[in-house]
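Using the sequences and the accompanying hints, generate a full structural model.
If you read the sequences in order, they're chains A and B. Here this note's numbering is used: the first residue of the first sequence is 4, the next is one more, and so on. Here this note's numbering is used: the first residue of the second sequence is -3, the next is one more, and so on.
In case anyone wonders, no lab produced these hints; they're calculated from the structure. Some hints here could point you the wrong way.
[Said to hold, decoys possible] Derived coverage of chain A by chain B (criterion: at least 3 residues anywhere in the stretch with Cβ under 8 Å from a Cβ of chain B; other residues may be distant):
1) 68 to 79
2) 143 to 151
3) 223 to 234
4) 270 to 280
5) 353 to 364
6) 419 to 427
Just so you know, these numbers come straight off a predicted model, no measurement behind them. Just so it is clear, CB atoms sit at the ideal spot from N, CA and C, and this is done for glycine as well.
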Amino acid sequence: MHYKRPKADVVIVGLGWAGSTMAEELTRAGLNVVAIERGAWRDTSTSFPTTRNPDELSGSIRKDILQAPVTETYTVRNRPGETALPLRKYHNLTLGNNVGGAGTHWAGASWRWQSFDHQPYSRVMERYGAKQLVDGLILQDWGASYHDLEPFYDRFEKIAGTSGTAGVINGVKQPGGNPFEDSRTSPYPTPALERTRANILFSEATTRMGYSPFPVPSAMIGGPYTNALGINLAPCTYCGYCQLYGCGNWSKSSPNICILPVLMQRPNFTVVTESEVVRINTTADKKMATGVTFVDSDGNIGEQPADIVITATFTLDNTRLLLLSGISTPYDVNTGQGVVGRAFTFQTLSWAFMFFENEYLNPFMNTGALATQIDDFNGDNFDHTGLGFIGGAGIQSLCNQGLPIGMSGLVPEGSPRWGKGWKKAFQKSYQNYAQIQGQGTNFAHREQFMDLDPTYKDRFGQPLLRITYDYNENDRRSGRFIRDKCVEIAKEMGAREIKGVSLADDPYSGYTPWDSSHVQGGVVMGEDPRTSVQNRYQQNWDVPNLFVIGASSFPNNAGYNPTVAVGATTLWTAKAIKDLYLKNPGPLVRL
Amino acid sequence: MRRRDALKGGLVLLATSTLASIYKPAYSKTLVGGSGAWKAQPPPPLSVVDSSRLVYLTQDEAKLVGTVFDVLIPADELGMGATEAGCVTFLDHQLAGPFGSAAKDYKLGPVVEGTPQQGPQSIATPAEIYRKGLAELNTVTRKKFDKAFPDLSEDQKVAFLEGMEAGTIQFETVKAKDFFTLLLQNVREGYLADPMYGGNRDMVGWKLVGFPGAVYDYRDWIVSKRGKKIDVQPVSLLRTT
Ligand SMILES: Cc1cc2nc3c(=O)[nH]c(=O)nc-3n(C[C@H](O)[C@H](O)[C@H](O)COP(=O)(O)OP(=O)(O)OC[C@H]3O[C@@H](n4cnc5c(N)ncnc54)[C@H](O)[C@@H]3O)c2cc1C
Ligand code: SF4
Chain A
4 MHYKRPKADV
14 VIVGLGWAGS
24 TMAEELTRAG
34 LNVVAIERGA
44 WRDTSTSFPT
54 TRNPDELSGS
64 IRKDILQAPV
74 TETYTVRNRP
84 GETALPLRKY
94 HNLTLGNNVG
104 GAGTHWAGAS
114 WRWQSFDHQP
124 YSRVMERYGA
134 KQLVDGLILQ
144 DWGASYHDLE
154 PFYDRFEKIA
164 GTSGTAGVIN
174 GVKQPGGNPF
184 EDSRTSPYPT
194 PALERTRANI
204 LFSEATTRMG
214 YSPFPVPSAM
224 IGGPYTNALG
234 INLAPCTYCG
244 YCQLYGCGNW
254 SKSSPNICIL
264 PVLMQRPNFT
274 VVTESEVVRI
284 NTTADKKMAT
294 GVTFVDSDGN
304 IGEQPADIVI
314 TATFTLDNTR
324 LLLLSGISTP
334 YDVNTGQGVV
344 GRAFTFQTLS
354 WAFMFFENEY
364 LNPFMNTGAL
374 ATQIDDFNGD
384 NFDHTGLGFI
394 GGAGIQSLCN
404 QGLPIGMSGL
414 VPEGSPRWGK
424 GWKKAFQKSY
434 QNYAQIQGQG
444 TNFAHREQFM
454 DLDPTYKDRF
464 GQPLLRITYD
474 YNENDRRSGR
484 FIRDKCVEIA
494 KEMGAREIKG
504 VSLADDPYSG
514 YTPWDSSHVQ
524 GGVVMGEDPR
534 TSVQNRYQQN
544 WDVPNLFVIG
554 ASSFPNNAGY
564 NPTVAVGATT
574 LWTAKAIKDL
584 YLKNPGPLVR
594 L
Chain B
-3 MRRRDALKGG
7 LVLLATSTLA
17 SIYKPAYSKT
27 LVGGSGAWKA
37 QPPPPLSVVD
47 SSRLVYLTQD
57 EAKLVGTVFD
67 VLIPADELGM
77 GATEAGCVTF
87 LDHQLAGPFG
97 SAAKDYKLGP
107 VVEGTPQQGP
117 QSIATPAEIY
127 RKGLAELNTV
137 TRKKFDKAFP
147 DLSEDQKVAF
157 LEGMEAGTIQ
167 FETVKAKDFF
177 TLLLQNVREG
187 YLADPMYGGN
197 RDMVGWKLVG
207 FPGAVYDYRD
217 WIVSKRGKKI
227 DVQPVSLLRT
237 T
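Okay, structure coming up:
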């Protein structure tokens, strides 16, 4: 059956962090907003009741909470010319599939990105010049600086209740915080959580080495807090069922606890769940969006007309929706022309895996982001002259893992993987394993991009998104540099056995253990329509009533996790829509 | 008046239709702010798997896989072996459910082998792999040693499984190496998952490493027990001890 819903002022596709944050802003401004979400409704009290603990098998092992490949998957190849094949089984991208998106099950490291990350091109040119860039690297500024975004970072932290220790407030360095952070106007809403034994060993070692350790800001609420929308959040209990789980304790910032309880009180907000948007509709001349078409869970096809269309379906689906809808010019790897799918990035991870001798690290007491970090080798915090790369990584002691199935393979190299020898090794390793993660920057390259797959289709017969990706030389070099730093710190911490790896040393795979879920770009914001899909307000250059929000707008990845930057850019765009666009609908940037 | 518009991929969509506009078939899943009707379904009640009968494996298959499991996780002074801990019951129920049928996998074709980076392309399900792999296990050992797998000496069993793991022993109907990976994954899961799934009897796997199980609040211990041994009887979701 086909049906058409009443016209809305705004339709938002996808109700994760980006979609919910936007919906809250626009409904508060009085607009009539309809959100369309592929996943089912999730309510904290009924979906994740505190009367029942989560369990590892259905959680992080069978991954029931994630978007299943049967629903939608992606094809992948390392370079142009190869045949891309589908990710058939659950893979590292661990996408969300419910109201709340990946924000329900995320790990919760809650970073503001640095001013360097928002203006990497200008900064690199100023300090090193073009000679610092490897062949084919794509580097460009966002059109919005840290200075522009600071008030929105501040607001988003106050919605999320972020915990942490400030490093720099109004230009003044603060004890215990990150000395490299750009100046903030206020401290973190809630205090940093307690540290684990592994965190403390890391702090002591890095302090001896002359670095500056600080607690990683996180979504784990550090004390009772009423957020900017009036919702009460509760202190985290270190329960250890965090990444890949929903938090029933109102302790992990998520759209479900921080925004939806308020949004769902507003009669001018509607969410259509279990419905997948299959394309953005436009006028015949492709100059205006008219709404979206979706398929609901009964297989009916619906249409939602709206004056403003906002998609917030995360990097991959944001890109795919534009390609399926024929909006803006797709990137062509042969000519380097076109913009949709261009400037795609991942994350460069390096690790030191450590085994200590007689510790009780009690790994089960953790949170998704219980980490202590140094930023001495992140972004442009150190001199890269002669190193042959730009960027770096946040290097952290990360305690986010203590569930036994997940740890059952973590025994020192050369130990038996089964039999009596494994039982003995596992018993010891469980209490003695710790890890240092180098979460690295990742820069775009002309041979890293997304387009539509020529062969594989989704359940509705539409082409899957094809990802062409391998690490570029810049990221391979930075990965090795950071791996060596991780290993030096591990030695100083006194680990008995240490294994250092840089994941970028091997070709990219969606199944590499210990890899990241972060993908960015494809619909980037920027200053020039030849190299960006959208202007500095995340407004499409060609279709002024279309805004595509989320990490798809970022032309580079930082040595940080992306979500607080997603929140800040969403709030920045919401303000532009309310204060500028509604008064004078049309392009907000004229060339 | 039905104006149809075909998408590139073959999905047939109606562009704009006056006919259909009054129907809202998905209304039950449309949640309007302020209406209050936005509670989720509570998770299904917990239940222990019933170990008294098999639901997917045959008796023979269950016995055979038990012998393999007991080589992978044997009984010793650190605790009982895999079969006694319920790992076969665990596996049997897993194979009968969505895991066994690979219900969440993308299975559309064409199915072709790719580079190692592109990941597994086979659409064979775990239930199928066990059925074929277990059938062939005895055939291969009979050819090699003239004995069924359970009749091999302990050393022969170990050497055989090492061969499967390393890829030096091959099967015809399944990839022996992939079958081994699945066996090892499932036996560990059975030994370490919550006892309600049929394995981890008496929480033997959790006691092995000192995992306290389904504990909800560690605020009292995060500082006071930092770096210290915690002696505590673990708890399962079903609160059995
Ligand atoms: C395991 C994990 C750990 C993470 N840890 C961190 C961390 O520590 N720190 C950090 O900053 N970030 C982290 N992230 C990333 C973080 O989760 C994302 O940056 C964030 O959730 C993005 O929000 P979003 O709203 O843009 O997208 P999403 O949360 O992905 O929401 C998109 C929504 O759109 C829906 N959707 C998609 N396509 C369609 C369609 N066609 N029609 C209708 N609906 C659709 C999806 O169902 C989903 O609900 C993590 C991610 C994962 C997976
Ligand atoms: S660790 Fe804290 S934030 Fe994470 S799920 Fe547990 S209580 Fe919630």
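Quick rundown of the hints versus the structure:
Chain B is given as covering the stretch 68 to 79 of chain A, and this holds because 5 residues of the stretch bring a CB closer than 8 Å to a CB of that chain, at least three being needed. For the stretch 143 to 151 of chain A, the assignment as covered by chain B is violated, since 0 residues bring a beta-carbon within under 8 Å of that chain's beta-carbons and 3 are needed. Note: the stretch 223 to 234 of chain A has 0 residues with beta-carbon separation from chain B under 8 Å; the three-residue rule is not met and the coverage is violated. Counting residues of the stretch 270 to 280 of chain A whose beta-carbon sits less than 8 Å from any beta-carbon of chain B gives 9, enough to reach three: the coverage restraint holds.
Check on the stretch 353 to 364 of chain A: 3 of its residues sit with their Cβ under 8 Å from a Cβ of chain B, so the three-residue criterion for coverage holds. With a cut-off of 8 Å between beta carbons, the stretch 419 to 427 of chain A has 7 residues touching chain B; three or more are needed, and the interface restraint holds.
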